[in-house]
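> Using the hints, put the two standalone chains together into the complex.
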Amino acid sequence: MDALPAADAVTTNGEAPVIRVDRVSRWFGSVVAVSDVTFSVTPGITGLLGPNGAGKTTLLRMMTGLVDPSDGTVTVFGEPVRRNPPLYGRMGVMSEHETVYGFMKGRDFVRMMGRLRGVTDEAAVDKAIDRVDLAEAADRPMGTYSRGMRQRMRLAGTLVHDPEILILDEPLNGADPRQRVHFQSLLRKLAAEGRTIVLSSHILEEVEQLADTVLLIVNGKLAASGDFRAIRVALDERPYHVLVVSDSPRELAAAVVQLGSVDAVNVDPDGTLVVLSRNVRDLQIELPRLAQSASISLRRVEPLDDSLESVFGYLVER
Amino acid sequence: MLPIFVLTLRQLSGKWRLSIMSVLALLPVIIAVLMVSFEGAPTVREFEDAVLSGILAGAISPLVVLAIASAAFANEIEDSTLANLVLAPIPRWQIVVPKLLAAICVSGPFIAISAFLTGYFAYSADFRSALAVTGAAIVGVALYSSAFVWLGLMTTRAIGYGLIYIVLWEGFFSSFVMGVRFFSVRYYSIAWMHGFDARRFAGFDDFGFGLAVVASVAVFGGFLLLAIRRLRYMDVP
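Chains E and X are the protein sequences, given in the same order. If you count the first sequence from 1, position 307 lands on 307 in my numbering, and the numbers rise without skipping. Going from the second sequence to my numbering is simple: count from 1 and add 318.
Excised from the complex, chain X in its bound form (with noise of 0.2 angstroms):
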């Protein structure tokens, strides 16, 4: 599995992409800089609507990962590289595992960083609570990563369509529709920030963490499990 990891690893870390990543990830750091630094100072839970779910969980987040994760097979079929792959000897599965893991290794130190510096300047300087919005990052982009890998093996337009969910359904269903947030990426990521600090977060939770834990299982397994199907029975270009 190693040489696909450092292949991916080497195929997603393109300077162009890695720059607007950084840009990107530095949104929600200036926001909560800006918000902290003004009289009137949103509470723990404007802020938490504001900035954590609705800007990074809800946005940033997912933005890096659909760049990022959505690439790791689309670019080996635009360029029909793909069959160097999956004509080894190897169990799909362990095509999929690596390159969904170096999706994961890619954009995770970017919304990681951005995470703890947001919590952290939100939070004065609270560690636990920067760590617990670190955490609940670095789930997320677990599980945007699974969807967006299987995503980028679906379609070519997998950009498109996952913008579309980015906006549509993590944006605008999840934060007017509250039955939609139990299938909600950007909520799970939230109850799992919750979980960490139950001190700071207590009585927010839109469902438990244990829902939470078993939702997010299920999506990553599930995606993961998607991706691996549709390299199985996909025509390879």
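Just chain E, same shape as in the assembly (with noise of 0.2 angstroms):
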């Protein structure tokens, strides 16, 4: 097996970093929400993944200038993106908030992000408009667009000035299956077009469906980075713990630890099973079989650590 990327390297496949975050750590009070974080992010989709609280808006924050790190130092484009509000021209930045002006109609608000960014052309504000598939809707208050709506339109927000990098948070919130195609073929388009675009998610597919690269952020900590592919063949290899409720387990775990696809089995002392598993797909169709011909009632199976916070956890402690 691959063993996944050091967490500490350093994405640049031999280009020169767009982004570079460099022993950057951050701390509110004695939370320390960001810690020694290095990588360098170039033109491409980069995955920022991580569960839910790991760190990766206040990262975001940082690579965008809206906030100081504690320690260490964010360059993009060879500058401190900090206080530097020329370099802004060349960023679009789409925020985790889905607040919008709901007064404003949604192309007033394209109109108004572009003036700022010193857009004048009118067809500057088509296009962005056009790109997230939403001109029937532009004239209508922001106010009366469902969530997605609102996401897309914040994005022709962010795309109109024409910016060179795209720093998204958590972009495809409330986003409709369809809806959530389109953006990725969007995305994947403006990558192409030699943008630099980072994008942060909680959702393991989505990153894997878009990003070239990935950076995984567990408990504020770069735990992983590097091409998608390794990170996927470490999960494909985690051992999974099933729970197992029978009415004759010590009978039922002599039979289980028999199947190829079981690793290991223990045996709590209250008659609970725990398999441990890397062939789940198989135990899945084993186990009810095995049950049957031994006459053994199976009365709970349940995964133990299906959530996105034992998978990052796991490959954390690899």
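If you are wondering where the hints come from, they were derived from the structure by calculation, not from laboratory data. Be aware that a few hints might be false.
Some chain X residues near chain E, calculated using beta-carbon distances under 8 angstroms [stated by the list, open to error]: (1) L325; (2) A406; (3) R550; (4) V554.
Virtual Cβ for every residue (Gly too), placed ideally from N, Cα, C.
Quick look at the structure:
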């Protein structure tokens, strides 16, 4: 099995980094949100992946200059990003907050975002709105939009000045499946045009479908970075814990441990079995068959570590 | 700067907020009409102390401005839309100045109309005196706006702290402690009024018009600079 990339790995692939995060930490009082994180980002799509509360948003806010790091530096195109307004003209940022100016029409919002970024050309406003496929709703107040529409119009406002860098915090929140597909195809197109895109998500599959490179953040630390395939291989090979409750736990344990899909079985004092398996798909088929043939009633079969936190936790421990 | 000015005007022009401001602004006019309608009408000095200084410059004007100016940034901080503005490639002063101007433009008309009508009824339709009261009130609005825009950037409890300031500093201490008047927007405003119409208000000065002008410029510019600095260094939600 391939080893996971080192946590401090630099994702440059030989290219000059566009964004450089160097030994960055951020704490709020006694709470450490981000701890000593170092990485670089090059053109293409980079996914910032981690469970809720891992520090992704704080990291993105430092990368956009909205927040000062407590320690370390963030540079964009070689310049400090904090207190550097001229640099913001080259960046497009969409925060996780979905609040919009409800009284404002979508077109007026995109126009305002453009004007603030030096865009006076109405064609640029139309183009940005077309890109998110919202031309029909553009003349309605944003307060009447669905959550997904608000997100798309906010993205149009982010794209209107044609930025070289896009930083998107949980951009697919609220999007329905059709919007999701459209959004993903748009991001791929933007990346193919040479842009640097950093997007955060707590959904593994979302990042997997989009990102060339992944930065895995857990508990404020960079747990892994690099090609997603290496992380996916590690995920596929991780052992799962499955809880099994039956009417004959010892008999079932003796039989289950013989299965090829099972690595080990623990029997708790209360008769609960915890089965360790690297091949849950086969276990799902074999376990009911085995129970049926041995006339054992299965009362409960439940994966113990299906949460994203447990997945990330596993990767961090490796 | 125009997009931020227009945006802020729209943000600060909520129906409820404007309705409450209208009622507040009407109070000095009603009080003035009542005072001059009855026998034993107050002297110019008494009316100035009670209504123009005590109620208009010391209570209604700061209350109206507090409700409007403190929201210029506070609303955007609360709903996290401030990032839309601060991530634009423009200097911070180009964000603060239009917001401050918008706050003055929204609260100014309420106080100006209130001040004009109050002065007009109180001074028997003396146009010059009414204009002097109006001009001074507008100066007061500008000074309070500068302070409260900054306060809205400093804390999410701007209304609470602002009320404490209005009641304790502008209301209580500046009335009873002479030295405090040199640091009171209420008394700067009154000094401007004396300067605008020396004929009616001759001999009333707590301190000179020149000093009031210098102090007003210092207060307005000082809080404006503090707000710009705050926006530059704060963590934006």
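> Among all the numbered hints in the text so far, which are the ones the structure does not match?
Hints that this structure does not satisfy do not exist here, as all of them hold.
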